[in-house]
Structures are given as C-alpha cells and as structure tokens.
Amino acid sequence: MTTDVFDTAVLRTELRLFRREPGALFWMLVFPTLLLAILGSIPSFREADPSFGGLRPVDAYVPVAVLLGLTVGGLQGMPQVLTGYRERGILRRMSATPVRPAALLSAQMVVCGGAALVSALLALAVGRLAFDVSLPAQPLGYLLALLLAVPAALSLGAVLSALSRTTKIAGAIGSAALFPAMFCAGVWLPVQAMPDLLARIVGWTPFGAAAQALNEAAAGDWPDWSHLAVLVGWTVLLTAAAARWFRWE
Amino acid sequence: MPVIEVTDLRKSYGGRPVVDGVSFAVEEGEIFGVLGPNGAGKTTTVECVEGLRVPDAGRVRVTGLDPVADHRRVAEVLGAQLQQSELQPKLTVREALELYAAFYPKPADWRPLAERLDLVPMLDTRFAKLSGGQKQRLFIALALVGDPRVVVLDELTTGLDPRARRETWQLIEDIRAGGVTVLLVTHFMEEAQRLCDRIAVIDRGRVAALDTPAGLIRRSTGATVISFTPSAPLDEADLRALPELASAEFRDGRVTLSGTDETVNAVITLLARTRVTAHQLRVTDTTLDDAFLDLTEATA
Chain A
1 MTTDVFDTAV
11 LRTELRLFRR
21 EPGALFWMLV
31 FPTLLLAILG
41 SIPSFREADP
51 SFGGLRPVDA
61 YVPVAVLLGL
71 TVGGLQGMPQ
81 VLTGYRERGI
91 LRRMSATPVR
101 PAALLSAQMV
111 VCGGAALVSA
121 LLALAVGRLA
131 FDVSLPAQPL
141 GYLLALLLAV
151 PAALSLGAVL
161 SALSRTTKIA
171 GAIGSAALFP
181 AMFCAGVWLP
191 VQAMPDLLAR
201 IVGWTPFGAA
211 AQALNEAAAG
221 DWPDWSHLAV
231 LVGWTVLLTA
241 AAARWFRWE
Chain B
1 MPVIEVTDLR
11 KSYGGRPVVD
21 GVSFAVEEGE
31 IFGVLGPNGA
41 GKTTTVECVE
51 GLRVPDAGRV
61 RVTGLDPVAD
71 HRRVAEVLGA
81 QLQQSELQPK
91 LTVREALELY
101 AAFYPKPADW
111 RPLAERLDLV
121 PMLDTRFAKL
131 SGGQKQRLFI
141 ALALVGDPRV
151 VVLDELTTGL
161 DPRARRETWQ
171 LIEDIRAGGV
181 TVLLVTHFME
191 EAQRLCDRIA
201 VIDRGRVAAL
211 DTPAGLIRRS
221 TGATVISFTP
231 SAPLDEADLR
241 ALPELASAEF
251 RDGRVTLSGT
261 DETVNAVITL
271 LARTRVTAHQ
281 LRVTDTTLDD
291 AFLDLTEATA
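Note that the protein sequences, when read in sequence, are chains A and B. Each residue of the first sequence is one higher than the last, beginning at 1 in my numbering. Each residue of the second sequence is one higher than the last, beginning at 1 in my numbering.
It should be emphasised that the hints constitute simulated quantities derived from the structure, not laboratory data. Accuracy of the hints is not assured; some may be wrong.
Think about it this way: if two alpha-carbon atoms lie no more than 25 Å apart in a straight line, the pair counts; the simulated PhoX-like pairs of lysine-lysine are [what the hints assert, rightly or not]:
hint	chain 1	residue 1	chain 2	residue 2
1	B	K90	B	K129
2	B	K135	B	K90
3	B	K129	A	K168
4	A	K168	B	K90
5	B	K135	B	K106
Over 10 Å on every C-beta distance to chain A, these chain B residues come out as not near it, computed from the model [unchecked claim]:
hint	residue
6	R16
7	G146
8	R163
9	R204
10	P243
11	T277
12	L281
Think of the CB as a built atom: it goes at the ideal place given N, C-alpha and C, for glycine as much as any other residue.
From just these sequences and the hints, can you work out the full model?
The following block contains the structure:
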C-alpha cells in the first residue's frame, strides 16, 4: 500500500532498521521494565504506603514504566533518527521518488509508537507476574489513555525534529526535555505522591496528564476527561507546530 | 517532443538570483550535459527539473508534465542521482534495491541491474560500509530501478578515482544505449567532452552557451594552437599581423599562437618565405577546458 504519507515498504524497512539498533531497543523496550524490576526488588517498595494512597510504590511505578518507553522514544529515539535522515539527505533522496519523504516520517511514528506499546505491555506483564501488581481495573480506559498518549509524545518528538537542525542539537534538546518529561510521568515521584498543587500543574503536561489518566484507569475509574482532553490538545498543537516548522532538508 | 523542457527558469535564495533565466531542451535519447563552475546554478536547475525545488518563475516540463504539480508522475519516469545524499546507514544494498523498486509501479528487475553495476558481491553489505565508488554505483542502480525514461546524474564522478570514473562513463553510455535519456551535471570537461551530445554551459545562473562539444570548441577564440621553436628569430610584427590570430606568446625562444586553421596556414607560409625552420612544431585543437574558460570569462 502506498499513499503520499504512508508506504508499507518504507514501514517494513524502518521496522527492520529499528531492530538493528541495540541502543534504541534497550532504552525503549528493556529499560522501563528493568527499572520496574529493580525498584520492585527493594522490599520497602512492596509495602503499602499511605503517601501513595495506600498503594505499594511498585503499584504506582507500573504506569510510570508504561510511559517511560514512550517518553524515551518520543524525545530521544525518533528525533535522533529523523534529524539524522534529514542531515544525511535520506529524506531528500526519497523526495525524488514517487513516494514522499512523509512516508518515512509516518513509518518512524508507527515504529516508535508500536515499540512504546510493546514496552508498555511488557511492563504490565512483568508487574503482574513478578510483583503481583493488579492489571488495570478499567482496561478500556487504560488503553484509551495510552493510545492518546502515543500521538502526544510522537508529535512532541516531531516538533523536536523540526526545531533541531542537526542530530547533535536534537540530542541536546531531547536530553534536556527528557528529564522534565520523566519527572511529569512520575519517574522520581509518582504523581499520586506529588503535593496537590504540583500534581495539578503536572497534569497540564502531556506526560503528567497521561500518568494521571493511567493511574485513574488502573484504580478502576474511567480516566478524567480533562486529562484525555489535555493529551488531545497537546497532540493538535504539537502536530500543527511540527507541520509548520518541519523541513525536509 | 523534448523529454525535458526548461524555459526562462528563475530561482533566488534570499534575494540573490541563483538561476537567472535558464532555458534548454533535452531530446529523447540524448546525453545532455550541464556544465559550469561551482555555484553557477547547475544543481538548482536540475533540482527544479526533479521537482525538489519550486521555481520562482519560468516553466519546467518533464515528458510534458510539471515536476511540482505532477510530482508523482514525473518521479515515475525520472530517475535521480543526487549530490550529497545518503541512505540509512544500516540498510543493506539488497534492501535498498528492493525498497526503491517497491516505490515504482513498473520497476526494472533489480538483479540484472545489480550485476551490471557490479553490486552482487556486496548485496548484504550495509550502506555505511560501502566505499565511495560502491555508493555511487548503488545510487546509479537506484536511479535506474524505476525503469525511467530519463535519468538526472548530478556530479556523479566527483570523488571517484580515474579508473572508477572511466568505468562510470562506460556505464552512462550503456544507460543511453538502453534508450534512456541522460541529463548529466558535471564540472569535468573531459567527462562532458567524452559523453555529451550537447552541453549547456551555465555561468552565474545563465546559459553562457549551448552547443555540441565540438561546436563549443570551435566557437571559442583561438580554437587551434600552433607552437614551435624557430631556428632564427622571427619578426614579431609579422606574427602579430597573421590572419585570425587570437593570441600570441613568445617565451624562452618558443612561439605559441592561437587562432584558426587559416592562422596555421599563414604561419607555415611565413616560415617557408623567411626560410626559418620550426623545431618541435605542434598543432593542437583547444580542449573544451580552454573553450569553457573562454566562455565563462567572457561573461565576467
């Protein structure tokens, strides 16, 4: 199948190339679950904690691990690849074929989003099997929150790719953005344990909103519409910005 | 109908005109050269032909189609080898050929193409591990894999060693023999002279001349050069009065004159009349090099 913005041959190729990147595979697929496993092996993390609303810290860290692959992929993986493709003239070369370079962009998004979902499933499975973390009590809401978080993170990555003229700049901006994003996702302090005001501010960021929506669905509630709306809002805004600023060469 | 038609093409970057009214037409089956010094606007011109850039003004047609408005249909009949472009570093040669073949509705079989371009031993080699010459051959293969009617080759042999360059020339002749029209951008005179049926010399965004290589040489002042060491001193005034003389140089007892065949005849007559013997007499045609310098300097 081929259209101006999507091509299956390009997708197959990008998927194949992704599998040849041990760094990307580790940070996106293995690292989040590894972090969960390390934290979960600390005894105190397996005891109920009132500051987590009676949850065990390991319970609270599953949604964090679920989001982590997406955070790393969106802020570091994809922008590096796309700016590299632009720098090396790979996008330009593709412009001279009947398939547009937009096909490379969309393939990268599908690969990165797909890897993030695999990483999320892995974290959920290891949480369930190794640490007895209950699966999300509201699975549909959980899936919806996750599916809305993916385009938000990818459009953020697309904006980074658009703003960075070189892979070096993309790496620097990506790393600089990664820490606040990981903070919002709750890597240092899960959002449940954040002070109220902080949690509310973090809730306006894409990863904070995603973390809160996932927590609500994990606990069995339908995720708050405001969190889902924040995710959609960011996606629209960031996609428009990326489309406005992205340069093919 | 010409395969490529460029009419009064203009393109500026930041107010600076890079292409300033270029026109030419490439006929079916031709090897057409675009020759010019660095920064003359050659690449911008062919990028407009490839649909990679939108002209500010003027008309570009490839098989009658507009490369910008009809990008897909133009890209299906036009194969391109771009200056300074790469592929994904971990993509193998085989995967690149398969991928690019999948972009076209009626691709050529890439296997014979890989054989012809001597790519078979490295089908499983990743792009990043290829040598400069191997990369160039792969890019030629990718330009041909869509079975195009016309290929645009931009500075194809830059960076190749002389042997690889000569092999590439043979390839270009083979491509044309296969019925494909070739638009060749180069700054190597020897390459243009050897391969091209016609050449557009581009200088500062304009077509300085458009002719066959032989025509360009004929056109330049002093197309024939005669040099010799006279056995006795000659009268400089006699030499300067020779018909159709373009330039005269006297150095270390050696005389170098440029002009036409008529100048040469007159020199021989003069030598016979004055009974002077010409030692180490050499008569040579100017090369395209000289003609090119002449043409691009004339507009300075």
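Going down the list of hints, with the structure as the test:
This hinted pair checks out: B/K90 and B/K129 have alpha carbons roughly 9 Å apart, not beyond 25 Å. Simply put, B/K135 and B/K90 have alpha-carbon atoms about 13 Å apart, close enough for the 25 Å limit, and the pair holds. Between B/K129 and A/K168 the alpha-carbon distance is near 22 Å, which keeps this suggested pair within the 25 Å criterion. Straight-line distance between C-alpha atoms of A/K168 and B/K90 comes to about 19 Å, which keeps the hinted pair within the 25 Å bound.
Only pairs whose Cα atoms come within 25 Å are accepted, and B/K135 paired with B/K106 is accepted, the gap being roughly 24 Å. The non-interface label for B/R16 is consistent with chain A: the shortest C-beta to C-beta separation is roughly 18 Å, beyond 10 Å. For B/G146, the requirement that its beta carbon stay farther than 10 Å from each beta carbon of chain A is not met, with the minimum near 7 Å. At roughly 26 Å, the least C-beta separation between B/R163 and chain A is larger than 10 Å, which holds for a residue marked as non-interface.
Its beta-carbon lying about 24 Å from the closest one in chain A, B/R204 satisfies the requirement of being farther than 10 Å from that chain. Consistency note on B/P243: stated as away from chain A, and its beta-carbon is indeed over 10 Å from all of that chain's, at 52 Å minimum. With a closest Cβ-Cβ approach of about 61 Å to chain A, B/T277 is found to remain outside the 10 Å limit, as its non-interface label requires. Listed as outside the interface, B/L281 is consistent with that label: its C-beta sits roughly 52 Å from the nearest C-beta of chain A, beyond the 10 Å cut-off.
Hint 7 alone, counting from the list given before, is not met by this structure.
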